[in-house]
Amino acid sequence: MPAAWQQAFLLYVQYFTVKDVMQFLLITLKRAGFGLVLLIAVLVLNFVLMHLAPGDVADTIAQDAGGLDAEVMAQIRKDYGLDLPLWHQMMKYFSGVARLDLGYSFYYNQPVTTLILEKVPATLLLVISAQIVSIFLGVMFGVIAARKPNGITSHFVTMLSLVGYAAPVFWTGIMLIILFASIVPIFPIGNMVDVSIEREGFAYIMDVLHHLVLPTIALSSIFLALYSRLARASMMDVLGSDYVRTAQAKGLSEFQVVFKHALRNALLPVVTTAGLVFSGIVSGAVLVESVFSWPGLGTLAIQAIIARDTPTILGILFFSSLVVVAANLVTDMVYRIIDPRIKTSEGSQV
Amino acid sequence: MIEDAQPQRSLRRENATVQVEHPLVETARMFATNYAAVAGLATLFVIIVVSLAGPLFYQTDPFEMVWAPFSPPGVKGFLLGTDYLGRDLLAQIIHGGRATLAVGCSAALLSAVIGITFGALSGFYRGWVEEVLMRITEFFQVLPTLLFSMVLVALFGASLPMIAFAIGIVSWTAVARITRAEFLKIRELEYVIASRSSGAKNFNLIFRVILPNALPPIIVQAALLVGFAILFEAGLSFLGLSDPNVMSWGAIMGNNRPYILMHGFTIVYPGLAIFITVLSISLIGDGLNDALNPKLRKR
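The listed protein sequences derive, respectively, from chains A and B. Throughout the first sequence, residue numbering follows this note's numbering, covering 1317 to 1666 in sequence. Throughout the second sequence, residue numbering follows this note's numbering, covering 129 to 427 in sequence.
There could be a bad hint or two in this list.
As the list claims (entries may be wrong) - Okay, the calculated beta carbon distance ranges per label pair:
#, chain 1, residue 1, chain 2, residue 2, range
1, B, ALA328, A, TRP1403, 32 to 38 Å
2, A, ILE1654, B, THR161, 57 to 63 Å
3, B, TYR253, A, PHE1325, 54 to 60 Å
4, A, LEU1453, B, GLY327, 34 to 40 Å
5, B, VAL148, A, GLN1330, 38 to 44 Å
6, A, LEU1453, B, TYR253, 42 to 48 Å
Stated by the list, open to error - Think about it this way: if two alpha-carbon atoms lie no more than 25 Å apart in a straight line, the pair counts; the simulated SDA-like pairs of lysine to any residue are:
#, chain 1, residue 1, chain 2, residue 2
7, A, LYS1408, B, PHE267
8, A, LYS1346, B, ASN417
9, A, LYS1394, B, LEU283
10, B, LYS313, A, HIS1526
11, A, LYS1464, B, ALA164
12, A, LYS1346, B, ALA164
13, A, LYS1408, B, LEU283
14, B, LYS313, A, PRO1585
15, A, LYS1346, B, PHE267
16, A, LYS1464, B, THR161
17, A, LYS1464, B, LEU283
18, A, LYS1346, B, ARG254
19, A, LYS1435, A, LYS1346
20, A, LYS1346, B, THR161
21, A, LYS1394, A, HIS1404
22, A, LYS1435, A, TYR1424
23, A, LYS1346, B, TYR163
24, A, LYS1435, B, VAL260
25, A, LYS1464, B, TYR163
26, A, LYS1346, B, ARG157
27, B, LYS313, A, LYS1408
28, A, LYS1464, A, LYS1346
29, B, LYS313, B, THR245
30, A, LYS1464, B, LEU261
31, A, LYS1408, A, LYS1464
32, A, LYS1346, B, GLY182
33, B, LYS313, A, TYR1396
34, A, LYS1346, B, ASN162
35, A, LYS1346, B, ARG385
36, A, LYS1408, A, TYR1396
37, B, LYS313, A, ALA1357
38, A, LYS1435, B, ILE321
39, A, LYS1346, B, LEU261
No lab work stands behind these hints: they were computed from the structure. Note that the coordinates shown come from a computational prediction; the quantities given were computed from them, not determined experimentally. The beta-carbon is built from N, C-alpha and C at its ideal position, and this holds for glycine as well.
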């Protein structure tokens, strides 16, 4: 006798034909292709911005050196290929990006790709834990609120969604710092690790998690409200449907009805939204990282902007678009997998 | 058909005493029953009046150093205390309201105009127009909004119009999607087909026939956009991308940022101002949503 989840899996797989799988792959490929087009558009935009921006590499170097001759400046421009025709420069830029070369940062004296890849893990850690926390708590709040639409939790969810929307995320972060790092000092005020003590292994991980708590709460506060509202609305819809009534009539326990039958379908809108808001989360992460001096992409972007380090800024812009495109693609696939009803239609997009 | 119409007409005559409200009056009445929304409207009204007229009455210059830095609230007659340069915090908040609201409203206006244009054209013409415009919309959905605005402001200068532009240009996608959905729904309705067959030009169909009927959800979204733009401006200012010659709520927080641990009040108050403003805007948005969709209310 196979386990329950194996049975469920077999039942699920049975539902698909080879044609469906092919179709799924085809749609995924199509979406991926479109994502690629979007990314190329971002690159074109980057290129245009780079050339519209006042001042170029030669100016930056001249500024650092405290002024240079026109001849030397011309030589620098020639060295960096700035005297070539525009379309030629654009091709060079594109082929560079294809080889994962996003340019060179004169401020940090490092290739932009290296700089970015160094900071990515920290940002991903923050963004993903905020997503997990806000989805989990949001769905919990939503489910509890949906079961008693006029109860205290329901009003709490409404309040929360108003407050979560209206408070600037960096302000929430600062309030958290004042409350839980200054008045009641149980969490560190910033950074990702405590540099005063050398830690290894488990202690290191615990230290990072300790530093992660406040930034995660701040970042998840924006979307917690959104998710709980969505989960409540869709849960209320699902709880009124026939199959839930059937499940109740069979005499299943409340827990089984809510968590095993209803929740599955109620989660769909949450999953779609989780993908759609990804670009918003990246934006929020920039602010939260800045508040908590979290050593991620956002902090790097702000430093680069202060230093007028154009290649780094545009590299980050491109890279974050890449992350958003990838997140959208994954959401789309997950959505198609967990909801077989839309296996062929493309109606879900936009 | 004519025979069918006859009894209906007599029925209507019997009920002639029932007064039909003007739709706007009905909306206003529905809105007034929502206490939270009314409270939001009243609060926002006070905030707007204080921001517009306040500087005339409270004339302390927000840029002038009037007293020792970080004087706590209430000391020496400075109700909210002073900032890191010893400037009057209350004066800064009263004067800063103008810039904050101006950026919020103009950015929201810009994104409403772009969004309505994109949504209306793609929902009305369909075909390749829709394809192109919706792809552009998706492009702007993928672009990390805050980063892109930061880049624009950093490259082209932190002036108030540039900041408003940078916010407006990234936040219109939701309006476009909503407008398009409404247009797709309304363009198939009978009164649109009727005016189309009586020879109405496309321009008239879009702006005179369909758009007025598509407006309710767009208005709600536009109201929320103002709040979003205010938050956005605050975020940019907090990161140091604000017009140095203009005081705004976000700029106050950005200025006092290094001192949050010792002198938190310099950040708490301007943040509260933003919080209350955006909260009242979203309460109004909720109220409008209910008032403009009577169907939704019955649920």
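Consistency of the hints with the structure:
no., hint, in the structure
1, B:ALA328 x A:TRP1403: 32 to 38 Å, "45 Å, violated"
2, A:ILE1654 x B:THR161: 57 to 63 Å, "40 Å, violated"
3, B:TYR253 x A:PHE1325: 54 to 60 Å, "46 Å, violated"
4, A:LEU1453 x B:GLY327: 34 to 40 Å, "57 Å, violated"
5, B:VAL148 x A:GLN1330: 38 to 44 Å, "58 Å, violated"
6, A:LEU1453 x B:TYR253: 42 to 48 Å, "43 Å, holds"
7, A:LYS1408 x B:PHE267, "23 Å, holds"
8, A:LYS1346 x B:ASN417, "37 Å, violated"
9, A:LYS1394 x B:LEU283, "23 Å, holds"
10, B:LYS313 x A:HIS1526, "51 Å, violated"
11, A:LYS1464 x B:ALA164, "21 Å, holds"
12, A:LYS1346 x B:ALA164, "46 Å, violated"
13, A:LYS1408 x B:LEU283, "22 Å, holds"
14, B:LYS313 x A:PRO1585, "22 Å, holds"
15, A:LYS1346 x B:PHE267, "16 Å, holds"
16, A:LYS1464 x B:THR161, "24 Å, holds"
17, A:LYS1464 x B:LEU283, "52 Å, violated"
18, A:LYS1346 x B:ARG254, "21 Å, holds"
19, A:LYS1435 x A:LYS1346, "31 Å, violated"
20, A:LYS1346 x B:THR161, "49 Å, violated"
21, A:LYS1394 x A:HIS1404, "13 Å, holds"
22, A:LYS1435 x A:TYR1424, "14 Å, holds"
23, A:LYS1346 x B:TYR163, "49 Å, violated"
24, A:LYS1435 x B:VAL260, "35 Å, violated"
25, A:LYS1464 x B:TYR163, "22 Å, holds"
26, A:LYS1346 x B:ARG157, "50 Å, violated"
27, B:LYS313 x A:LYS1408, "46 Å, violated"
28, A:LYS1464 x A:LYS1346, "43 Å, violated"
29, B:LYS313 x B:THR245, "17 Å, holds"
30, A:LYS1464 x B:LEU261, "43 Å, violated"
31, A:LYS1408 x A:LYS1464, "61 Å, violated"
32, A:LYS1346 x B:GLY182, "57 Å, violated"
33, B:LYS313 x A:TYR1396, "54 Å, violated"
34, A:LYS1346 x B:ASN162, "47 Å, violated"
35, A:LYS1346 x B:ARG385, "46 Å, violated"
36, A:LYS1408 x A:TYR1396, "11 Å, holds"
37, B:LYS313 x A:ALA1357, "31 Å, violated"
38, A:LYS1435 x B:ILE321, "57 Å, violated"
39, A:LYS1346 x B:LEU261, "19 Å, holds"
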